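**Q** Sequence:
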Amino acid sequence: MISLPMLLWSIPLLLAVLLVLLKPKYKNLAPGPPKLPLIGNLHQLGTLPHYSLWELSKKYGPVMHLRFGQVPVVIISSSEAAKELFKANDLYSCSRPRLAGTGRLSYNFLDIAFTPYGDYWREMRKICAVELFSAKRVQSFRSIREEEVGSLIDSILKSSSSSSSPVDLSEKMLALTANTICREAFGKSFEAKGFSQERFQEVIHEGLAVLGSFSAADFFAGIGWIVDRLTGLHARREKTFLEFDEFYQKVIDDHIQKGKRSYGHEDIIDVLLELEKDQTAGIQLSQDHIKAILMNIFLGGVDTGAIVMVWAMAELVKNPRVMKKAQEEIRNLTGDKAKVSETDIEKLDYLKLIIKETMRLHPPGTLLIPREAISKFSIKGYDIQPKTRIQVNVWAIGRDPEIWENPNEFFPERFIKNPIDFRGFNYELLPFGSGRRGCPGVGMGMALVELALANLLYCFDWKLPFNMKESDLNMEEASGQTTYKKQPLLLLPIKYQSA
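Using mature numbering (1 follows the signal peptide of the UniProt record, and there is no 0), the letters of the sequence shown map in sequence onto residues -16 to -1, 1 to 483.
You may find that some hints are simply not true.
In silico lysine-lysine, DSS-like type, Cα no more than 27 angstroms apart, as pairs [claimed, not checked]:
hint, residue 1, residue 2
1, 364, 42
2, 71, 470
3, 470, 302
4, 142, 323
No wet-lab data here; the hints were simulated from the structure.
From a predicted model like this one, the values you see are computed outputs, not experimental measurements.
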């Protein structure tokens, strides 16, 4: 005899089965692996989804149809298919899925990145592109970048002079990006806000972790939220983003109390508070909107820049020829100056090739944030139905042997006299996306990456610790929303002595 609790639990499950069975069958869908009842292809994602999907694409093609729970998904794994998506069908595919598992504080962290396409999103995007990340605004923060990179170099010098222990560059790079973005956004350091640097970085890590965690509510309508509560994911998200919310409210109140430019320069909160007062704007900005933009800046900027720098240094120490060539370029240009300045960066051609090659092999986000089809269109002759999620496997495109010779080799010279760039106009290299949903903060982030790498290579020679050989360096990736190096990068810095 079936008990009442068992009956109550079985009803949502039966409804989910009926939804799958009664779902309309579309013709001309892209090929894909067989799907299991209820879960679809979720069991095939593996620990590193970008790798699992790349393996599947070898069998089923560069446009692949899957189902994650109840959600139809198309995976794009070639530059030609990506070009069709971003160039020919950008307008039809530029919405975002509303994620069900985000909780009541969703305005704080999904506002820009995940808002569906419409008037509100266009206005918020305009604010980010024109007011916050313009070339003029990026240049206005030059002194902050140079000061923070200078502090990084000084801290490494201090530790290397007093100890022969290796430096944890993974930790150093994350601290650098967090400190820099904090000053650009708030005008002050963490400690000045009563919120320690260490704690803020912990919260950022936790925020990225919960965003990258599997949320059943995003794939199983009606019953997934129960799973998220039982696993504790919902509570983790609420706790983490409540802490963010309190922090942002504190710095906003501080700026309102002390007035504009109270910290010596106009920071991002100053700009947003001015826009909040502007009644002629397309939308009326609120403090919740300001928090949403800040959340996107931090979660979209802190880890991505750090990831690029860590992978670049890891590849350089594995490839001494490339590191030596880069150091010669930088040191010949810089001469006897104590540090590299931003005015030197444009002349460092080989360094720029290294950064391109790093992002080809190690894009910070291996799978671009999912898009959602607004209306029906086709890619490579296959129909994409409305409400289908679309993800681009930029990691797979970066290792496509049809595009790249010896694709697994770190060889920056492949970009000599090669116009391919990473800003969204060349579909062979898409670490920051393309089209309407391309990252608006590329210029801000890359300015710091270039300056920091140039100074690390100018001021120090770098060696592996503990008598390790280049082949001993672990290059495994960690799973998550972004692709960190699984093991921290520990290197020995040797102060460079100019002749």
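**Q** Against each hint, give a clear statement of whether it holds in the structure.
**A** Against the structure, the hints:
A threshold of 27 angstroms between alpha carbons decides the hint, and for residue 364 with residue 42 the separation of about 16 angstroms falls inside it, so the pair holds. Under the criterion of a C-alpha separation no larger than 27 angstroms, the hint pairing residue 71 with residue 470 is inconsistent with the structure, at around 35 angstroms. The straight-line distance between the Cα atoms of residue 470 and residue 302 is roughly 16 angstroms, inside the 27 angstroms bound, and the hint therefore holds. At roughly 16 angstroms between alpha-carbon atoms, residue 142 and residue 323 fall within 27 angstroms of each other, so this suggested pair holds.
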